[in-house]
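Undergrad: Here is how the chains run, residue by residue.
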Amino acid sequence: MLAAVVGMLMLASCESEAQGPVPSTGDKGALTIEFDNIVGDKNLVLGGGASTNGAGEDFVITKFNYYVSNIKLLRADGTSYVVPQDSSYFLIMENKKESQFVRLKNIPAGTYTGLEFMLGVDSLRNTMPIERRTGVLDPGGSMMEDGMYWAWNSGYIFLKMEGTSSKGNPVNSKFYYHIGLFGGYSTRTVNNTRIVKLGFGGLKADVTTSKTPEVHLFADVQKVFKGPGINLSIGQYNSVMSQQPQVTAQIADNYTQMFSVDHIH
Amino acid sequence: MQFTLKPGRVTGQVPFACAILAVMFAAVSVACKKNDGPGVKPGDTAPTPIQWKKPAHFPDPVYDVGRNPLTREGVELGRFLFYDGILSRTNQIGCGTCHQQEAAFTHHGHELSHGVDDLLGTRNSPSIQNLAWNPSFFWDGGVHDLDLVPFNPIENPVEMDETVKNVIAKLQSTPLATAKMPVDYPLMFKKAFGDEQITSERMMKALSQFMVSLVSAESRYDYYRMGDQSALSVDEQRGMTIFRSKCGSCHAGELFTDYSFRNNGLIPSGANDQGRFGITANPADRYKFKVPSLRNVGLTAPYMHDGRYHSLQEVLDHYSDSIHPSTTLDSALIRPGQKPGISLTATEKQSIIAFLSTLSDEQFIRNKQFSDPGVGTNF
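Going line by line, the protein sequences match chains U and Z. Here the first sequence stands for residues 1 to 265, numbered as in the working numbering. Here the second sequence stands for residues 1 to 379, numbered as in the working numbering.
Pulled out of the complex, with its shape left as it was, chain Z reads as follows (with noise of 0.2 Å):
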């Protein structure tokens, strides 16, 4: 059994709201036989070349795509590894394991995420979501470019403990009677990349390429942003207000965080973890986690880097009452002459809230796009 590509539509210029719609129009099918039109062998044409648009109110991406131009085949490749637990020592976690679709890729209700053999990170799952205009990745900023992205979870013994050159060669000696899908590697590196060659370059830009094509951009907040005043009520743009005042000095800007490195006054748990300061090595980094985006934050429960608060609630309770000081507490959180925290009344927290669900993309959560094609795994 092999699964065929079928030809989707092809659109040129593409207004806003359908301009993530148009990433990719790939729709996939289960076929007992090849039904490429007559006379064409399978791989022998050229990859469909996909235009990336990012949204009118975005800034400029980080992600160069004209370095990896995103393709119809290339994406639908990487949307395939993406999901495959093949990435896995244990052939069973997938990238889409932790990083599930209806939670806005990440892994909805746990608070750390258990990769292969059940065996537990220290850090919650972060969403893939507009990762092009990332400029460094993890809690921590490891890693600064996309494609290199996927050797971490790959390579990690608690993750998918696996090397990439092993994955490879399992990908190279596809398609397998006994997978759950048994999909064609080759063949699917050949109509992305014109030949059936898998290296660690193509698999990486595959998979850079169907991750680039997870924009959320079309929220209710955004309806708002591009002119629709009635996407919001009174009381959410009343908290989209205090939430400017009060958090938008770190949380900036139309992906709502400056990516910057900021120690956020949690108490250092059994782990101690030290997040950025482990990249670094420098004392002035100790504690310090990315700022991460709050689009789709009302789906990404649990939070904070080791998912401790397990709802808005508390992470607001936490910014007003229980900053815990040390020496590199972010200096937006001291307050003279009192405690450290942000100053908000219950009333305030209630319409920050409020103004954090608006920030939820329904499309982006249902578009069967992004979906798993029927290789991944859920637990």
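Here chain U stands alone, though its shape is the one from the complex (with noise of 0.2 Å):
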């Protein structure tokens, strides 16, 4: 099973590698994504005012977080630049303001179209030694201070949402949002890794020596709430973690629609 995970894995891989020629100049310039949280018109403020989601229901965001990894850049020709896999690995905090801006060094310069990232921790690097995942992968790093990682069913958390409502359970009127599983390491799970693929619109990301360019993405929560997965009432599921999986694989779907592109500069 696991061989045959790892085996599309890196046929995907291999696949994206070979995508597109390097621009025949070799300039390398930079780009900067910014991740900014939104909920349906406003900015996401942790412990904020309440808003309402699709089923009705009031609640308050107390905690965001979510991996982006495996970040491809793409061309109007259709060829693409894949961001090196060990470096393409990060962790969007909301009460982290510089997470929210993943920088991207060493670009080949020229003109992107659009965006794709994996939502996630691809089910590869789930595998790997404990010498593969360093940084923000580190299961005993900086990022234990909100454990976006399974240490007793081994796994990134993908994301993690959690907050306060009337619906919430009954003791302290919290829910949990926390998805992962990547496929399984033995044996078949829900796998809840998610491609997300961005375009510009009729925007352009010029890349050259001089300038970064800024593309700014709105995610937004209340298409975690509600999207072609579920309509999902926090009454219904004050909690949603390992042991639910048909349920996370709907949030997923969900979540996997949140972002769009607001500007680029």
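Keep in mind the hints are simulated off the structure, nothing from the lab. Glycine residues also receive a C-beta, built at the ideal position from the N, C-alpha and C atoms. Heads up, some of the hints might be wrong.
[Claimed, not checked] Computed footprint of chain U on chain Z, listed as stretches where at least three residues anywhere in the stretch have a Cβ under 8 Å from a Cβ of chain U: (1) 125-139; (2) 200-206; (3) 278-288; (4) 305-311; (5) 355-365.
Join the two chains, each given in its own frame, into one complex according to the hints.
TA: In structure tokens, the structure reads:
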């Protein structure tokens, strides 16, 4: 099973690597992606004012973290630039402003018209030895402040959203959504890794040796609640973690659609 | 006060019987001053490699020692970390608290173990032995790599209730004058890994080096297996034959387990622990737990994932008479036309128990190289 997963990932990886000629100039530049978390038409403020979800329930978000990995920059001609994988893992945390700016360096100069990334941590990395789990992937590193790794069911938590609601659990009014599961090591489980592909519409990101474009993305918490997977009711599910895999898959289908490109500057 | 490492003997090729002893020769003593050789600063020398050899009759290990080559200093650091309560929130609970050497690294006499503040867990403490052959860890197989195992007990709220990040911060500020034994961990990391930097990778690799060195392969059964016919009595040999035909389909091979997950017909207890199902969420995995190795089984009572049986007699009585039928019950326990179980006479049970006692490895539980260097706590 694992071999099959690994095999597929490697195939996918090779296919990506083979795409697109490197611009003949060989010039390199940088590009920044800002992950700006919002709730509908408002900026997300942890512990801030209450909002109403798609099921008509009040909620206040207190924690919102997610992994972004395996970033690919797309060009108009269908070619792409794949960020080297070891440098392509980022943990976006709403309570840590700096984490919301993903700064990509050594990008081939040129015009980019879209991007693609994984929300989560790919299956293969979830099975790698500890020396391949550095930085934000360190199971004992800084991320443990927020526990984005299941030590008892070895694997990363891809997205963690917590908050309070009058429909939350009766003990403390809280709700907890911890979405992980990479497909399983020796036994197949749900695979909640998701690819997000975003075109820039009419916009372009011109990377030059002197100009670092910033792609400003919105990530809308409302769309975690309501999307193509499920209209998530806090009253029905005040806690979703690894024991309700089908619901986690539905929530993952929702949050795959939570991103939009606001502007590029 | 500081401890220092005295160089031990180094051997090259060793015969099977000595293989385990050769794993580690580092002798530790508590000294009041550094006594490294004149002109040699501590930690300036490269760590001394240890050649890890699998017992001849064991299969190839799963753990890749090539990725984490054992050194005398690495194993020694792992031994200190294994026993030191600094890994827990209260600085009281070490790995060795619930994995005690005299009980083949289980929690002797404890159905369930108590961690920080005497909080009780839900599962019986499994043996830390021959882990290099384990394809997965814990009763539910939730962790697949030995290097990722310690995160689990360290962060479990009823075991050590600590974060690895905080353990690293505490290790960095040693030696502590108030500690039971003021160990200089930055120095030990330097000796094991070249500099004083303490990372989760280094910490886990040192723990793995120590745990990989915990090989039990010198029981009377092993001597029999290696050709000494006199190592087992006639009754024990008869027990071995019965064991292999009645129990050997799951407790297979030289490790006495096939490492599979099976429902062996225990009536779910109050905790309603569903075992492997908690990892895979597959209904077919409900109430399945890993088949444990039976090496040193005579030393590791109580038995089963929740320690419900206190003797091997009770365990065998369970298999012959008390199998609880359910949809995920293992097919090996289903008898056509009869209630489920394994057909065993009282005499056969006695022979099996006699055989199982030959799996006890006295050298393993007495080897000072595996013992608490003086930093641990037993409750």
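Undergrad: Indicate, hint by hint, whether the structure satisfies it.
TA: Against the structure, the hints come out as follows:
With a threshold of 8 Å between beta carbons, the proposed coverage of the region 125-139 of chain Z by chain U holds, since 3 of its residues qualify and at least three are required. Under a criterion of three residues with beta carbons nearer than 8 Å to beta carbons of chain U, the stated coverage of the region 200-206 of chain Z is upheld, 5 such residues being counted. Counting residues of the region 278-288 of chain Z whose beta carbon lies closer than 8 Å to any beta carbon of chain U gives 6, which meets the minimum of three for the stated coverage. Remark: the region 305-311 of chain Z is not confirmed as covered by chain U, as 0 of its residues place a Cβ nearer than 8 Å to a Cβ of that chain, below the required three.
Look at the region 355-365 of chain Z against chain U: 0 of its residues bring a Cβ nearer than 8 Å to a Cβ of that chain, fewer than three, so the hint is violated.
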